[in-house]
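Visitor: Just so you know, the protein sequences line up as chains F and E, in that order. Each residue of the first sequence is one higher than the one before, starting from 1 at the first, in the working numbering. Each residue of the second sequence is one higher than the one before, starting from 1 at the first, in the working numbering.
Hints are not guaranteed to be accurate.
Put simply, identical chains are the same to the list, so a pair is met inside one copy or across any two.
Below, in silico cross-link-like pairs of lysine-lysine (DSSO-like), each with a Cα-Cα straight-line distance of 30 angstroms or less [claimed, not checked]:
| hint | residue 1 | residue 2 |
| --- | --- | --- |
| 1 | LYS119 | LYS130 |
| 2 | LYS108 | LYS137 |
| 3 | LYS218 | LYS51 |
| 4 | LYS312 | LYS218 |
| 5 | LYS218 | LYS271 |
| 6 | LYS144 | LYS312 |
| 7 | LYS297 | LYS174 |
| 8 | LYS297 | LYS144 |
| 9 | LYS51 | LYS297 |
| 10 | LYS119 | LYS312 |
| 11 | LYS130 | LYS218 |
| 12 | LYS297 | LYS218 |
These are calculated hints, taken from the structure and not from any lab test.
Protein chains: 2
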Amino acid sequence: MRILTPDGEEREMRAVWFDDGIVKMIDQRKLPAKFEIFEAKSVEDVAYAIKDMVVRGAPAIGITAAYGMAQAALQNRGINEAYKILRDTRPTAHDLFYALNLMRDAIKNGGDPVSMAEKYANDIIGRCEKIGEHGEKLISDGYKILTHCNAGALAVGDWGTATAPIRKAHRNGKKIFVWVDETRPRLQGARLTAWEMVQEGIEHAIIADNAAGYFMRKGEIDMVIVGADRIAMNGDVANKIGTYEKAVVAHENGIPFYVAAPISTFDFSLKSGDDIPIEERTEEEVLFCRECRIAPKESRARNPAFDVTPAKYITGIITEMGIFRPDEIEILRR
Amino acid sequence: MRILTPDGEEREMRAVWFDDGIVKMIDQRKLPAKFEIFEAKSVEDVAYAIKDMVVRGAPAIGITAAYGMAQAALQNRGINEAYKILRDTRPTAHDLFYALNLMRDAIKNGGDPVSMAEKYANDIIGRCEKIGEHGEKLISDGYKILTHCNAGALAVGDWGTATAPIRKAHRNGKKIFVWVDETRPRLQGARLTAWEMVQEGIEHAIIADNAAGYFMRKGEIDMVIVGADRIAMNGDVANKIGTYEKAVVAHENGIPFYVAAPISTFDFSLKSGDDIPIEERTEEEVLFCRECRIAPKESRARNPAFDVTPAKYITGIITEMGIFRPDEIEILRR
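With the rest of the complex left out, here is chain F (with noise of 0.2 angstroms):
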């Protein structure tokens, strides 16, 4: 993705790679106040690193545990301890069993780990480019286009998933405006996904995460493109909370609601999306934004970070292979 660095320059760069046996990352927690390099050294800093949401976002997950498992190996490090430490970061996104159990495999047959992970990573974020190419049909030139949380290039390396159609129309020269979602409340949609549309030059408006039903009933929202965390084989799929109340809303108002994915995020052996972990985060990400506490000392909070929208609210899934409905899944197992 291209990125404006603070001193103004123009660079092209991953939201996370391999360097010299270090998996470097943007920092996302200190974005958009601060553009800062994270460096995780060992497993245990890429561990740390997902848990805290320094990197996230589903795919870019799943790469970057895939580059941990790659340093573990040149370290040394027992693959299946390695496995072990990053499997217990976060229980919802599919992606990251996907790379670790694709990483694991290949370490055992002899493979070399860093070119593995590389080839991953080029992989995911080449599958999210095809994303966008499918999902770009479906963008009318002067569409709005509502978004939630940050499934932009930040959550996958580059391109994004639910971004990667926007950036396509963008650059085909489509006219549209970006709806993002404020996404509380990690707050990555006014944090993450604005800086995005920024840095590529895309007009948009954040909003409360309260505010879309307003302007889908306005006929302010021409459709709906989000990402995913773990899509069921019956076609519900997990995301970031809030995505349920906006497609039931954009279901009843008629507004078209997709989902991009690539296929790595679909999980075969879930036959629906009552069977997804869904994690629950501290209570703090509620009872604080940002730096500031804003509840009462004697009170406390309910902070799940995920739900799952059932399949008869999505009108399709937009992936590499092209754009399918909830109840075709059953042919890209094949």
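Following the hints, put chain E in place on chain F, whose structure we already have.
Guide: Below, chain E without anything else, positioned relative to chain F:
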């Protein structure tokens, strides 16, 4: 309402009152971090307090405006000028116009302005207690109730509208639990409703607005009660931004959705919610979360403060005269 002052003292007080020619109010911008009293010494001060949301909530805005008119009369300010200054503060809440018309007519008819304003305040608060009595019957022991924004004692003076049934149920010994939507962008839920729940000792948890749908789908919400800023003849309800989304998702999950409001909130001159003017506030409220900027400096935001929930999503409207279906509002006109 019962307040625990910062020095641990227990006091019975209202959100806004008239004392020795000054309109005094709890500064709701500062809660829960600081408990401060704001003093409005002129009609301009009162207008500022309404506009800047020192005081907010439809019934409390009405009471504040009534005191503002009384103060203007005492200070020999032109009544028409005071009316105009106060009218131009906020466009959506109907109580503001209701109170201003009532006070202007009373003053012109030679009534005592201060006792008129006091009567108006006592009357609204009495009506809200009645809302509590009627609404309490809907709440079963063990209920988990979702509320959005703050339609509490702070938004009225005492009792609240949405919280009146909750307070009554709690005082009658029913075991209840309140889910508090934080309510971005101004966080009236996390800051004010949670603070009221703490004062009253009611069990509660704050959630990101995005999480309400998750808990509805899991069966952890038995009913929703919200307030209203204006209600049209067909039963459409304007209320804090996000109310519409919650109503649609509650409807989809078969969860009863109630609106609690005194008759002063009904605008019998409007056929439908489409006629209700919706205030759009400064984008800074979205771009900042309390004192922290959360978005890139290049990004813009949109900030509608209210939305309209169509009558079809509303189970009932709890008023001081009883509980009505939205299609029964005609009855109240008589």
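Visitor: The structure should be examined with respect to each hint, and the outcome stated for every one.
Guide: Verification of the supplied hints:
no.: 1; hint: LYS119 - LYS130; verdict: within (16 angstroms within a copy, 68 angstroms between copies)
no.: 2; hint: LYS108 - LYS137; verdict: neither (42 angstroms within a copy, 66 angstroms between copies)
no.: 3; hint: LYS218 - LYS51; verdict: between (39 angstroms within a copy, 25 angstroms between copies)
no.: 4; hint: LYS312 - LYS218; verdict: both (23 angstroms within a copy, 17 angstroms between copies)
no.: 5; hint: LYS218 - LYS271; verdict: between (37 angstroms within a copy, 18 angstroms between copies)
no.: 6; hint: LYS144 - LYS312; verdict: both (23 angstroms within a copy, 27 angstroms between copies)
no.: 7; hint: LYS297 - LYS174; verdict: between (49 angstroms within a copy, 25 angstroms between copies)
no.: 8; hint: LYS297 - LYS144; verdict: between (40 angstroms within a copy, 22 angstroms between copies)
no.: 9; hint: LYS51 - LYS297; verdict: both (26 angstroms within a copy, 28 angstroms between copies)
no.: 10; hint: LYS119 - LYS312; verdict: neither (35 angstroms within a copy, 53 angstroms between copies)
no.: 11; hint: LYS130 - LYS218; verdict: neither (32 angstroms within a copy, 36 angstroms between copies)
no.: 12; hint: LYS297 - LYS218; verdict: between (38 angstroms within a copy, 27 angstroms between copies)
In summary, the numbered hints that this structure violates are 2, 10, 11.
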